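A.B. asks: Spelled out, the chains give:
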Amino acid sequence: MKKKLLAVVAAGAVTAATAVPALALENIFHGMLREKAILSNTDAYNAGDLILQKDAKTNFYFEQRARLLYESKINDDLKGVLQFEIDSRWGDQAYGANSVSGTTYTGRNSGGGLEADRVNLETKNVYLDFRIPGTPVRTKAGIQGFTDEYKGIFLGYADTAGLVADGTFGNVAVKAGWLRFWDINEGSQVGIQSSVNTYVAGAKVTVSPKLNVGLNYYLLTDGTGGAFPATNGSATLGGPSALLAGATGLTSYGNLWLHMVGATAEANVGPVNIDGFVVGQFGKFEGATATYLGAVPKNMDVLSFAANARARTKLGPGTAKAEFLYVSGDGLNNDRYSGFITGSQYNLAGSFYVSPDMLLLLPNKYDINTSRAIAYDVNFKSQGIIGGFIGYDANLTDRVYANANAGFMAAAKLNSNSARARAGLANDSKYIGTELNAEVGYKLYDNLTASLQGAYLILGDYYKGTNRTTAGVYDGQDPDDPYTARVMLNYTF
Amino acid sequence: MKKVAVLIMAAFMMSATVPALAQMTKEEKDMCLLASRNCAMEVDTIQKKIKKLQAEIKKGKKVYSAEELKKLEQKLKEAHELLNKIETGP
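Chains as they are written, first to last, in the numbering used here: chain A, 1 to 493; chain B, 1001 to 1090.
Hints are supplied without guarantee of correctness; some may be wrong.
Straight-line Cα separation of at most 20 Å, SDA-like style, residue types lysine to any residue; simulated pairs [claimed, not checked]:
hint, chain 1, residue 1, chain 2, residue 2
1, A, Lys57, A, Ile458
2, B, Lys1075, A, Ile74
3, A, Lys210, B, Gln1074
4, A, Lys413, A, Tyr431
5, B, Lys1051, A, Thr397
No wet-lab data here; the hints were simulated from the structure. All of these numbers come straight from a predicted model, not from anything done at the bench.
Just chain A, same shape as in the assembly (with noise of 0.2 Å):
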């Protein structure tokens, strides 16, 4: 008997070890899967400008992105992400060529096409995020997403590598990182200046339940030397110095600090809530040239600015909404540059300004590759945009949704990237058009949306007489006004 008392006692102990769940590493998944036709008169199947033409064909696409993201998490302190993307569009590529031509493409964003079985998936982020032990501080070190304190107007949704801290010390959050945007390879060595980055740092307050307030510097410094063609590998556009050459015509030029000096402010007045930017940028481009500098390299001031407002109010089922962006431009004609420079001019969709939700003058959130706008970047070929926008989204029942919006917009200043200059007219006319859309949504599932999105852009005189012929040739008539119209499907989870 006191054998098999034992035993019970033995067995019971084994019990009370193993029921004890071990909880040392949780593996989450989350992600995305959206599916997108497209039918329209403008989209192409890539980033950057509308195409803007008389006369122009409807095309038709459909794509597909998928996003997954997974943490290795060991507790609310310590966890590593990865995020992981794949696009393609329904019938481009197969296999690894071209099978019409026989061109081989690099993989990623392609393999809808028969057979599909494409080498395409990306890494969007590789980061680690910890809490630096014993305080409230965490840090995310690795590339990671970013987008800055200005609704993404200088870095939006922008995947960056770099080390970013982030606290909260009683009614004030403060944030303090290093991004690298870029290095230049010498001979497989990185000098300590010959690279671009962005140092962040900023506060906020919050003042009372009512009011937050905040203040931010953002450092540029792009050490280049402005080598075109950039030598980092960059080859598929060229080197960011390119972007930032037809931005602001430069052909070359030294050295370029930038400083960023912000606020920001949000606040609930009676119903309404508001929140808004100032921004100012101001620097030297070292020893630059361009053709409206002359043949010697001189230094130009880079003072710009911008500002924005918005306003929200619930009325009726739904949400009322207003928003204001004004960009400084550039007329690309003395040694003072006023363009605001963005991320944008480092590399495509670096900057991302989505928040009033339009579909043609300016990018949307939801876009995959078919990701094209007037404005896709607020620099606008240093013209900068002067821009107001109103909407309305409303929650019709538990299930159905819509949305509708109108935005005006205009160039700030005209310059010789105005499309009557290229075009060869008189620059004469700042107002860029007027676009409609209106988007209705159901819950198939509460993970599981489908929604119909239309838009139309009226164009304004800034486009008049501009239409371009596909030889190239400018002939005097007006551009169609473009439009689009997409269907979706969106899943998360």
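With chain A fixed as given, assemble chain B onto it according to the hints.
C.D. replies: Structure of chain B alone, referenced to chain A:
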């Protein structure tokens, strides 16, 4: 005495191996959301996590301390940011 010991051990073994699946009452804290403890084998979708966080925050100071509520609100903010990150952007 020996019979009592055997009975006690048997009861312990049965209770330890049966997973604690009792429903949380309205007034109890959700320790999985608050501190990543006692999470079941399933992982919530991001939408379900947002709904659960909103429901817990609604319980307010009857169930949670001010600091715990702040922690839940921070987690709700992070969940919205995660949803935005997955769904939005180029």
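A.B. asks: Confirm or reject each hint.
C.D. replies: Each hint, compared with the structure:
1. With a CA separation close to 17 Å, the supplied pair Lys57/A and Ile458/A stays within the 20 Å bound.
2. The hinted pair formed by Lys1075/B and Ile74/A meets the criterion: a straight-line CA distance of about 16 Å does not exceed 20 Å.
3. With a CA separation close to 17 Å, the supplied pair Lys210/A and Gln1074/B stays within the 20 Å bound.
4. Note on Lys413/A and Tyr431/A: the hinted pairing holds, with a Cα-Cα distance of about 11 Å set against a maximum of 20 Å.
5. In summary, the hint linking Lys1051/B to Thr397/A is supported, as the alpha carbons are separated by about 18 Å, within the 20 Å threshold.
No hint from the list above goes unmet by this structure.
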